[in-house]
Structures are given as C-alpha cells and as structure tokens.
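If you read the protein sequences in the order shown, they are chains A and B.
Sequential numbering from 87 applies to the first sequence in the working numbering.
Sequential numbering from 87 applies to the second sequence in the working numbering.
Hints are supplied without guarantee of correctness; some may be wrong.
If several chains are the same, the list does not tell them apart, and a pair holds so long as it fits within one copy or across any two.
Claimed, not checked - DSSO-like mimics (lysine-lysine), calculated; alpha carbons at most 30 Å apart, straight line:
hint, residue 1, residue 2
1, Lys-220, Lys-160
2, Lys-220, Lys-90
3, Lys-240, Lys-90
4, Lys-267, Lys-97
5, Lys-160, Lys-256
6, Lys-256, Lys-97
7, Lys-220, Lys-97
8, Lys-240, Lys-267
Everything labelled a hint here was simulated from the structure, so no lab data went into it.
Number of protein chains: 2
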Amino acid sequence: MKDKISDAVVKRLPVYLRYLEDLLNEGVEHISSNELSGRIGFTASQIRQDLNNFGGFGQQGYGYNVEGLHREIKGILGLDHEYAMVIVGLGNLGRAIANHTKYYKMGFPIIGMFDVNPDLIGMRINDIEVQDSKNLPEFLRTHHVDIGIITTTKEAAQMIADQMVEGGVKGIWNFAPLDLKVPKRVPVGSVHVTDTLNSLVYHIVHPDQRS
Amino acid sequence: MKDKISDAVVKRLPVYLRYLEDLLNEGVEHISSNELSGRIGFTASQIRQDLNNFGGFGQQGYGYNVEGLHREIKGILGLDHEYAMVIVGLGNLGRAIANHTKYYKMGFPIIGMFDVNPDLIGMRINDIEVQDSKNLPEFLRTHHVDIGIITTTKEAAQMIADQMVEGGVKGIWNFAPLDLKVPKRVPVGSVHVTDTLNSLVYHIVHPDQRS
Numbered sequence: 087m088k089d090k091i092s093d094a095v096v097k098r099l100p101v102y103l104r105y106l107e108d109l110l111n112e113g114v115e116h117i118s119s120n121e122l123s124g125r126i127g128f129t130a131s132q133i134r135q136d137l138n139n140f141g142g143f144g145q146q147g148y149g150y151n152v153e154g155l156h157r158e159i160k161g162i163l164g165l166d167h168e169y170a171m172v173i174v175g176l177g178n179l180g181r182a183i184a185n186h187t188k189y190y191k192m193g194f195p196i197i198g199m200f201d202v203n204p205d206l207i208g209m210r211i212n213d214i215e216v217q218d219s220k221n222l223p224e225f226l227r228t229h230h231v232d233i234g235i236i237t238t239t240k241e242a243a244q245m246i247a248d249q250m251v252e253g254g255v256k257g258i259w260n261f262a263p264l265d266l267k268v269p270k271r272v273p274v275g276s277v278h279v280t281d282t283l284n285s286l287v288y289h290i291v292h293p294d295q296r297s
Numbered sequence: 087m088k089d090k091i092s093d094a095v096v097k098r099l100p101v102y103l104r105y106l107e108d109l110l111n112e113g114v115e116h117i118s119s120n121e122l123s124g125r126i127g128f129t130a131s132q133i134r135q136d137l138n139n140f141g142g143f144g145q146q147g148y149g150y151n152v153e154g155l156h157r158e159i160k161g162i163l164g165l166d167h168e169y170a171m172v173i174v175g176l177g178n179l180g181r182a183i184a185n186h187t188k189y190y191k192m193g194f195p196i197i198g199m200f201d202v203n204p205d206l207i208g209m210r211i212n213d214i215e216v217q218d219s220k221n222l223p224e225f226l227r228t229h230h231v232d233i234g235i236i237t238t239t240k241e242a243a244q245m246i247a248d249q250m251v252e253g254g255v256k257g258i259w260n261f262a263p264l265d266l267k268v269p270k271r272v273p274v275g276s277v278h279v280t281d282t283l284n285s286l287v288y289h290i291v292h293p294d295q296r297s
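Given the sequences, and given the hints that come with them, work out the whole structure.
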C-alpha cells in the first residue's frame, strides 16, 4: 500500500464495497472499470486510479475479480474481523441504530446500551438491557469495547466522549451535533444528519451553485 | 456573493450556524475569529476566509456580530423560510426522523408519510397518518412538497426517487445506501450512515493514515 491514502479515497472505499457486494449477490465474477463506472457513476479513470492505491487488482483485458477485490477492500477497511460497540443515548436515533440488526451481521455487535432516562433504563433492545449511563465507565473497564457510539444530546456528548476515551475505546462514532474534542489517537467518525439537510437546502435555493 | 462557493465551504456553513446558535443562546453579542476558532476547531484564518465569501460580516477590532452573522448564514443557506417534506420508509431510521420534532420547529414540517408495510400503514406519527406508498404520486400531484426523504430499502429507493422527481420535489434527502440517479436540477443530499462506520474502522486499523 502507498504511504498515505487520501481521505477522499478512504471515503470512496465503502462505496466500492457496497457495489461489489451487489455484484457478488448477482453472481458476477469479473467487472471492468468501465462497467463499474456505469454502476457507481465515478469515471473509469477515477476507479482505476483509486484501486491502484492498493497495488491494483485488475488485469488488462480481463477486469477486476469481484470476489478478490471485495475481499481486499474489506481487509483494507479492517472489516475482516469483529468490533464490539457500546451505544449511549437510546432516543429515536439511538434506538434506530441499536435495532439495525445488519450491524450485528456485519461484525459490529452492540454489547452495551446506556441512557440517563429512567423510562428507557431496563428496556431490552436486541436482547441487551439498557443500563444507566453512570455505569458506562465501569462497563468499559470490565469489557473489551472497540467503538463507542454517541447518540446523546449535544450537551452530554463531550462528557460521554471523555469517558469513552478514558475507558479505552479505539474509535468514536458520533451522531451528536457537536465536534468532539478527543486525543488524536482516537479517531471520530461524525454523522451530522441535520447539516446534510441544511446543505441540501442550500443547493435547492442556489441552483447556480451546483457542481 | 462570489460566483461560486466551493462545496467545502457550503458544508462548513451549517457548522458555523450550529455554533452561532449556541452563542445566541448564551447571549454572546460579538465574537472574534480567534474565539470562534477556539470553539469550532477551524483555524481563525480559515474562518475569516470562509466568511469573506459572503462579503465579510466582521469589523476590525470588534469581531463578528453574532446575531447578524447568524441571520445572514441562515439566509444564505435558505433556512429563512419553510420547506414541506414527505418521508417514504417508516422503518427504524424513518421513524427516528419522522419523530424528530426539531425539524418541525426548524421550518421543515413533514406533511406526508408513506410505507409499503401493512403493519405501518395507518399508524400515526406526529399527527400524520402513514399511507400506502402507492399513494405517493397522487399526494405529490395534490400537495406542495419541497423535499422528499427516502428511508426505504436500497431496492425501492430509485423507484421512489423517480416518483419524487416526477412529482416535482425540489430536492431529495436520501438515506438509502444507494447513489440515486436523478436529473441535475434535483439536488440530492445523501447520508450513507454505514459508510461512515466503515471509514471510521479504516482509521482505527490504520493509525498511520490519519490526517
């Protein structure tokens, strides 16, 4: 692998993975960069350039081996083993994520659920009992947890992130509308849902500003 | 306003807006680019450069007027009036969005809800009755709808997008794990939730690749 893969390429890898999964399900064995381009919408040259970052799995006149490429990208993305997760905040969005059984199948089991709301504590979601958030530090001390999911209010998010960092999580998946301050060694993947709505509206009211 | 604002700036505007809302709530009247930088984490020179795109609202030695800047960015983002929305797909994620009353307060009322699941049709969420998805085209013909939200399966998403475009929506907010094919005049804001988890894991397993 080259020294440094650009963030833009890293963001496109999951997109490739989604399309390769479709191809696998359709029983397609080989695909050219042109055919992939027709499906994904990226240009064929963009695709070739992206996949060359990883040494290139394509062969001239033969295309990419779908199964091999799928396996390689899964490996590069680190999706070839399991990541234990906890989730803090079981409001509407938290419950939607906790109920999304696909994550369990993908190798992302949620092993702990936490909330401050007495109405939610004790509730069971996918066989996990929601605990009081004050139990989080103790839970992190006594369980191996790779990823902490934050679906709390904006006000609670930084404190929960601090506890997760202290508790040794390897990464934080953040849905709170806040840019968390954490040490560099703990990567944060943020999903600012409402920001995407705001950007969409910008493009609706400024049709001249579309790329 | 300058001729073309880069996508990167457009994506940062909702971030500025979130922090300015906090400042308004705290009663802060003026803020310097340095103070803003301390909160948001962008550099002060980045902030000055971004806000200069819109003519610059700051005054030397005085900083930005929080209320004025907030109002201007709301206006630029088109958030100074209402957008009627419909949502198709009331699974876990769809229900989380439909239940998020903040969108109603922000000026994004959801006026129609649709699903194919007989168990969900007839259910009421925030006083709106979930209808059969087959009613969507008729609903779009008879109601003014600005934004269509897609929270269906990947398989259904393109067909629903086609119906939304045909029905005259001005933009699509897409949560299905699919890159929709729509005419250029209809902007799409996509939230690929699982992709962000995959990218996070990449950064966990490749600590040397962090920016």
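Status of each hint after checking the structure:
1. Lys-220 to Lys-160: neither (36 Å within a copy, 38 Å between copies)
2. Lys-220 to Lys-90: Answer is neither: 40 Å inside a copy and 48 Å across each miss the 30 Å cutoff.
3. Lys-240 to Lys-90: neither (33 Å within a copy, 32 Å between copies)
4. Lys-267 to Lys-97: both (22 Å within a copy, 20 Å between copies)
5. Lys-160 to Lys-256: within (19 Å within a copy, 36 Å between copies)
6. Lys-256 to Lys-97: both (19 Å within a copy, 27 Å between copies)
7. Lys-220 to Lys-97: neither (35 Å within a copy, 35 Å between copies)
8. Lys-240 to Lys-267: within (13 Å within a copy, 34 Å between copies)
Comparing the model with each earlier hint shows violations of hints 1, 2, 3 and 7; every other hint is respected.
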